[in-house]
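*Asks:* Each chain, letter by letter, is given below.
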Amino acid sequence: AQSVTQLDSQVPVFEEAPVELRCNYSSSVSVYLFWYVQYPNQGLQLLLKYLSGSTLVESINGFEAEFNKSQTSFHLRKPSVHISDTAEYFCAVNEFSGGYNKLIFGAGTRLAVHP
Amino acid sequence: GAGVSQSPSNKVTEKGKDVELRCDPISGHTALYWYRQSLGQGLEFLIYFQGNSAPDKSGLPSDRFSAERTGGSVSTLTIQRTQQEDSAVYLCASSPRGGDSNQPQHFGDGTRLSIL
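Top line first, the protein sequences correspond to chains E and H.
FYI, in the numbering used here the residues of the first sequence are 1 to 115.
FYI, in the numbering used here the residues of the second sequence are 1 to 116.
The hints are simulated quantities; they were obtained by calculation from the structure and are not laboratory data.
Do not take every clue at face value.
To be verified - Just a few of them, taken from the derived set where beta-carbon distance is under 7 Å, the chain E residues facing chain H:
| # | residue |
| --- | --- |
| 1 | Pro-40 |
| 2 | Gly-43 |
| 3 | Asn-68 |
| 4 | Gly-98 |
| 5 | Phe-105 |
Stated by the list, open to error - Ranges between beta-carbon positions, derived for each pair:
| # | chain 1 | residue 1 | chain 2 | residue 2 | range |
| --- | --- | --- | --- | --- | --- |
| 6 | E | Lys-69 | H | Ser-5 | 35 to 41 Å |
| 7 | H | Gly-16 | E | Arg-110 | 31 to 37 Å |
| 8 | E | Gly-98 | H | Gln-83 | 27 to 33 Å |
| 9 | H | Thr-78 | E | Glu-20 | 26 to 32 Å |
| 10 | E | Pro-18 | H | Lys-17 | 26 to 32 Å |
| 11 | E | Thr-55 | H | Gly-28 | 29 to 35 Å |
| 12 | H | Asn-52 | E | His-82 | 40 to 46 Å |
| 13 | H | Thr-78 | E | Ser-27 | 30 to 36 Å |
| 14 | H | Asn-10 | E | Leu-7 | 31 to 37 Å |
Even for Gly, the Cβ is constructed at its ideal location relative to N, Cα and C.
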């Protein structure tokens, strides 16, 4: 079974500073990887995904993540954060068994951006 | 809007009572998922529906939990004889096809359940 580890439960950072949220997954076989963001009192929204092809994927709001197969990592980065990026971020990997796709989530990383 | 809709958004009830949570997926999405998000923890998979059938109920924490889906659309998650440890946010998600790994799941805003 797949598992996802998010090494940091909380990441405080000042506005306009760079940030990296770490994610490692367990499987060495082909995987699809996702980052979801959850703003307060809302559900999860897809931020970006890696399915195949280029190992660097980007979102529309400046986040990017790089798939590293040798390190089984999919860290999320942003060169300059805004107050509005304050949210909880979840890394997920798909597990396909029994004919359907299930997402396995990490425990989440709470990003707190301070002025 | 055309997103996943969950109701109620908040539910406070006394220990021992039954609760029913509702999820209305995106129209046309055949796959529906329930997750539980407890304080300080990640998302815990509960159950998956493909159409009206639930091929995977492995995540349901106990026999007090049950779920059904009718008409390939609305799903209800029922918790009987609620306990305080059931307090959590219950999230529903849908996707066009459960067997299509590259289809992301679309989440509702969740139901925040508090057991007194």
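*Asks:* Indicate, hint by hint, whether the structure satisfies it.
*Replies:* Hint-by-hint comparison with the structure:
| no. | hint | result |
| --- | --- | --- |
| 1 | Pro-40 | violated, 11 Å |
| 2 | Gly-43 | holds, 4 Å |
| 3 | Asn-68 | violated, 20 Å |
| 4 | Gly-98 | holds, 6 Å |
| 5 | Phe-105 | holds, 4 Å |
| 6 | Lys-69/E x Ser-5/H: 35 to 41 Å | holds, 38 Å |
| 7 | Gly-16/H x Arg-110/E: 31 to 37 Å | holds, 33 Å |
| 8 | Gly-98/E x Gln-83/H: 27 to 33 Å | holds, 29 Å |
| 9 | Thr-78/H x Glu-20/E: 26 to 32 Å | violated, 42 Å |
| 10 | Pro-18/E x Lys-17/H: 26 to 32 Å | violated, 48 Å |
| 11 | Thr-55/E x Gly-28/H: 29 to 35 Å | holds, 32 Å |
| 12 | Asn-52/H x His-82/E: 40 to 46 Å | holds, 43 Å |
| 13 | Thr-78/H x Ser-27/E: 30 to 36 Å | holds, 34 Å |
| 14 | Asn-10/H x Leu-7/E: 31 to 37 Å | holds, 32 Å |
In terms of the numbered hints stated before, the structure departs from hints 1, 3, 9, 10, listed from lowest to highest.
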